[in-house]
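> Now for the letters of each chain:
2 protein chains.
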Amino acid sequence: MITLAVQPLSAEAFRPYGEVIAATDAARHFPINAGNTERYHDLARLEPGPEGRIIVSLFRGQPRLLPFTVAMMERHPLGSQAFYPLSGLPYLVVVAPPGPVPTATDVVAFLASGQQGVNYAPGTWHHPLLALDAVCDFLVLDRAGAGPNCDEIVLSPAALIPALD
Amino acid sequence: MITLAVQPLSAEAFRPYGEVIAATDAARHFPINAGNTERYHDLARLEPGPEGRIIVSLFRGQPRLLPFTVAMMERHPLGSQAFYPLSGLPYLVVVAPPGPVPTATDVVAFLASGQQGVNYAPGTWHHPLLALDAVCDFLVLDRAGAGPNCDEIVLSPAALIPALD
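Line by line, the protein sequences give chains H and P.
For the first sequence, my numbering assigns the number 27 to the initial residue and increments by one for each residue that follows.
For the second sequence, my numbering assigns the number 27 to the initial residue and increments by one for each residue that follows.
Next up, chain H with everything else stripped away, as it sits in the complex (with noise of 0.2 Å):
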């Protein structure tokens, strides 16, 4: 089984697989509201697909131990799919790119702080939500709409997450 290097995540490395979602200067940004507010705009490229809507939800997820064995990992063809941490807590991003099922050499491991969200591309292949610590919750955005949007794979060999230091 292939031990992944849990790399911190950046936005340049995320490319591949779609954008984080951040308030830093790099981002475009501009002062409203008579100056009370800046404006990190349009962070991400939200897809909703072919008669698809952008929807809403909250996503609490129980925390996972490390090490943890990355067994499968889904896609969603039709639509982006974005998450953005609300309990200021680190978690994982395991992330293969869009194209051919993946096997466990194409897949890569980000820690995420608390103050960055991410945007799945439609296609990439993702680990689902990777809360640690606590139990935490997660703003999601993505897809409603006719036709299936869901592609689930075993990765066999499984790829291990170790322990952080």
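All clues stand as given, with none of them false.
Not the full set, but computed from the structure, chain H residues with beta-carbon under 10 Å of chain P: (1) Ala60; (2) Gly61; (3) Arg79; (4) Ile80; (5) Ile81; (6) Ser83; (7) Ser113; (8) Leu156.
These are computed hints drawn from the structure, not numbers from a lab.
Don't be surprised by glycine CBs; every beta carbon is placed ideally from N, CA and C.
Guided by the hints, dock chain P onto chain H, whose structure is given.
Same frame as chain H, but now just chain P:
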């Protein structure tokens, strides 16, 4: 000048203005991810409007001091606008129903908890972001697209939000 009574935010009281976004038992919810995660599903009517799309942004608001004078309101006639607090702190929501230009007697003030978001229906009059106590970030879902989508009015006479108990 009218002094507003600040009431706790609830889904019922907010219904004329839009939806409260919260993970409550009253929301439709169900387990996903092999039972790891509870999904509170499709919590607001996100409305991109004609030729519009829903975008995600982050707003960083400076705190307001109470008492605060509500001297203006705005509305977005073409699309909805949703706010979800990321700092876990209470904030104020000041609204008037969609329709004619409001007067001070039409204005209603709610205190939202740090675990309650709001979605303004298209046309709902509202005051811009009213963070309290600290600089607060909010995740915002609103409309991008052609056409004028912000009307602003002077509220005359103004309305006063008193200091909270």
